[in-house]
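When you get a sec, could you build the whole thing from the sequences and use the hints?
Chains A and B, in that order, are what the protein sequence lines are.
Residues in the first sequence are numbered consecutively from 1, following full-length UniProt numbering.
Residues in the second sequence are numbered consecutively from 1, following full-length UniProt numbering.
Calculated directly from the structure, the hints in this document are not laboratory data.
Glycine included, each C-beta is placed from N, C-alpha and C at the ideal position.
Some hints here could point you the wrong way.
Said to hold, decoys possible - Some chain A residues judged to face chain B by a derived CB distance under 8 Å, without partners named:
1. 18
2. 49
3. 50
4. 83
5. 105
6. 107
7. 168
8. 178
One letter stands for each residue in the lines below.
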Amino acid sequence: MMDKFTTLTAIAAPMPVENIDTDQIIPARFLKTIQRSGLGKNAFAAQRYNEDGSEKPEFVLNREPYRQAEILVTLDNFGCGSSREHAPWALLDFGIRCVIAPSFADIFFNNCFKNGILPIRLPREICESLMEDAQMGANARITIDLKKQVVQRPDGSTIAFEVDAFRKHMLIEGLDDIGQTLQHDSAIASFEQKRQKDESWRPTIVMETVS
Amino acid sequence: MARTLFDKIWDDHVVERLPDGTCILYIDRHLLHEVTSPQAFEGLRMSGRRLRRPDATVAVVDHNVPTSDRSLPIEEPESRLQIETLEKNVAEFGVPYFKLRSKDQGIVHVVGPEQGISLPGMTIVCGDSHTSTHGAMGALAFGIGTSEVEHVMATQTLLQKPAKNMRITVAGQVGPGVTAKDIMLAIIGKIGTAGGTGHVMEFAGDAIRALDMAGRMTLCNMSIEAGARAGLIAPDETTFAYVEGRRFAPKGEDFEKACAYWRTLTTDDGAVFDTEVTLDAASIQPNLTWGTSPEDVIAIDGVVPDPASCNDPARARQVQRMLDYMGLEAGQKIAGTKIDVAFIGSCTNSRIEDLRSAAAIAKGRHVAPGVRAMVVPGSGHVKAAAEAEGLDQIFLDAGFEWREAGCSMCLGMNPDKLTSGQRCASTSNRNFEGRQGPGGRTHLCSPAMAAAAAVTGCFVDVREMA
Numbered sequence: 001m002m003d004k005f006t007t008l009t010a011i012a013a014p015m016p017v018e019n020i021d022t023d024q025i026i027p028a029r030f031l032k033t034i035q036r037s038g039l040g041k042n043a044f045a046a047q048r049y050n051e052d053g054s055e056k057p058e059f060v061l062n063r064e065p066y067r068q069a070e071i072l073v074t075l076d077n078f079g080c081g082s083s084r085e086h087a088p089w090a091l092l093d094f095g096i097r098c099v100i101a102p103s104f105a106d107i108f109f110n111n112c113f114k115n116g117i118l119p120i121r122l123p124r125e126i127c128e129s130l131m132e133d134a135q136m137g138a139n140a141r142i143t144i145d146l147k148k149q150v151v152q153r154p155d156g157s158t159i160a161f162e163v164d165a166f167r168k169h170m171l172i173e174g175l176d177d178i179g180q181t182l183q184h185d186s187a188i189a190s191f192e193q194k195r196q197k198d199e200s201w202r203p204t205i206v207m208e209t210v211s
Numbered sequence: 001m002a003r004t005l006f007d008k009i010w011d012d013h014v015v016e017r018l019p020d021g022t023c024i025l026y027i028d029r030h031l032l033h034e035v036t037s038p039q040a041f042e043g044l045r046m047s048g049r050r051l052r053r054p055d056a057t058v059a060v061v062d063h064n065v066p067t068s069d070r071s072l073p074i075e076e077p078e079s080r081l082q083i084e085t086l087e088k089n090v091a092e093f094g095v096p097y098f099k100l101r102s103k104d105q106g107i108v109h110v111v112g113p114e115q116g117i118s119l120p121g122m123t124i125v126c127g128d129s130h131t132s133t134h135g136a137m138g139a140l141a142f143g144i145g146t147s148e149v150e151h152v153m154a155t156q157t158l159l160q161k162p163a164k165n166m167r168i169t170v171a172g173q174v175g176p177g178v179t180a181k182d183i184m185l186a187i188i189g190k191i192g193t194a195g196g197t198g199h200v201m202e203f204a205g206d207a208i209r210a211l212d213m214a215g216r217m218t219l220c221n222m223s224i225e226a227g228a229r230a231g232l233i234a235p236d237e238t239t240f241a242y243v244e245g246r247r248f249a250p251k252g253e254d255f256e257k258a259c260a261y262w263r264t265l266t267t268d269d270g271a272v273f274d275t276e277v278t279l280d281a282a283s284i285q286p287n288l289t290w291g292t293s294p295e296d297v298i299a300i301d302g303v304v305p306d307p308a309s310c311n312d313p314a315r316a317r318q319v320q321r322m323l324d325y326m327g328l329e330a331g332q333k334i335a336g337t338k339i340d341v342a343f344i345g346s347c348t349n350s351r352i353e354d355l356r357s358a359a360a361i362a363k364g365r366h367v368a369p370g371v372r373a374m375v376v377p378g379s380g381h382v383k384a385a386a387e388a389e390g391l392d393q394i395f396l397d398a399g400f401e402w403r404e405a406g407c408s409m410c411l412g413m414n415p416d417k418l419t420s421g422q423r424c425a426s427t428s429n430r431n432f433e434g435r436q437g438p439g440g441r442t443h444l445c446s447p448a449m450a451a452a453a454a455v456t457g458c459f460v461d462v463r464e465m466a
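In structure tokens, the structure reads:
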């Protein structure tokens, strides 16, 4: 079950790089799991660890206070590439609940909402000023208020953000999409029946014929 | 009102439009593989839900599988567990499954069209971003995450809002030696990896119409690399001829009925696109990437960019970082750059037409000393077809490895990997840092360009090899 997302006050880690792809967030060699949990230790593995497994001290998430970061502030097209939901799972397992960027890749953006992570799109200048706040580390906690749809900077000023009303509702209530959709089961069933009647040429994949 | 091809397919699949505009969209085909499905099956099991349409679902293993001798057991325990987990799940939920040691096995995006599972006008999803490949059939096909995989399993639908419409017109005809891969790299180079974000990208124009189905699949495959939700090409006689007679395609009278419907699947005259992009086919050269994003494209006669000439300081830093990672110098000519590995395969370029184009270059030549060159067919059927034509022998005589079907070196999650610092001419789709193995350096290019690099030992204009 997904954790609800209402408000979050946390340390934000700055990642001033564009096009951070899902292979960077979690390299493919760590996708051999059959579980959702436990991926956090390998989030950003290539940037985070040396070949011998020791930490690269310069990487932001290896530094205090960013080890405790629950927010990432980054640049354009975050989460591009593979559809792997292991990317938001890895972020969540590390402790990240919110990512702020000028733009996101579509599939990653969508995957975040399914896991209780709030992706926020804000103009690049604002992301850059939030990154300056984030540089102050523990002295500069950022607050996300999803109900009011505002980001509060450490100086108390607020920035409004847009979020799809349906997704906002699902996040705030911690609701499961599947349960919601199954409330429309009869509509799905009648769609299927109409298809079968009017478009009987549509093939199915029958088990016996498959090797 | 005039509608686009995307609008038509979308409208035909809306089960219900919710008050805020979110649609319950019916899904015709759900393709499963071993990496992104285990948690979804587990979710079904935990919630006591059934798999709604096993007869619209199909599974295959591809990402993890070794491409060496199939008679041997899978050594890597985690890979073996993921494959065994899929086999257990498909048995439990009654999902049609193409077994690892069958000729039907292959890369999911090669298998779908090949078996007639992916058909025009369908909605097709898979927990893999390269599901966009099936857009070449004239289907709305896109990658989803594992939560959505579970959603489709339980409901045969997805909750979606319509995408924006984008049309990419490639006018005129490409010159000799220029392939679908070069066209797509040109497009990504032009619009960038976020150029298509939020859009479904329809490819149009004479150069697109002239492509065979394999070329169209290459194009749609990499529409995700341009950030698009999906790529689309209107079905035409080339498509119908490809579909006819395939195993799970409609037959006889049903095929005629299907074709009558499929012929309506074109963008109406006067339909409005949110974004239009036009390219002149004749200006497209054999292309390849130099950096670590698929948008870092240059023509084979081009030079590697100089960070000093970037106006944006953030971009300059990024270019420098990429040059360092790739082991390249600013201003260096890309032609003549030595390679260590050539990889011909992946869901982008592993179909019989791709292998023919690589074999035409390899024939009568030999892989350069110190270069490892591998050919990985996209499916068991592609492999068999290539062997029937003698392509395997051409490759083997030229010193290429001839391997079993799978994702192989595209993504570094099976034994086929680059080692740190190795430079690879790769027909795959992503040149991200570490994608083909930690520290590996990927240059994306066409099968002919990869074969040319393999036999000369460095990047070379394939047009000089004819």
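Right, here's what the structure says about each hint:
| no. | hint | result |
| --- | --- | --- |
| 1 | 18 | holds (7 Å) |
| 2 | 49 | violated (10 Å) |
| 3 | 50 | violated (11 Å) |
| 4 | 83 | holds (4 Å) |
| 5 | 105 | holds (6 Å) |
| 6 | 107 | holds (6 Å) |
| 7 | 168 | violated (10 Å) |
| 8 | 178 | holds (5 Å) |
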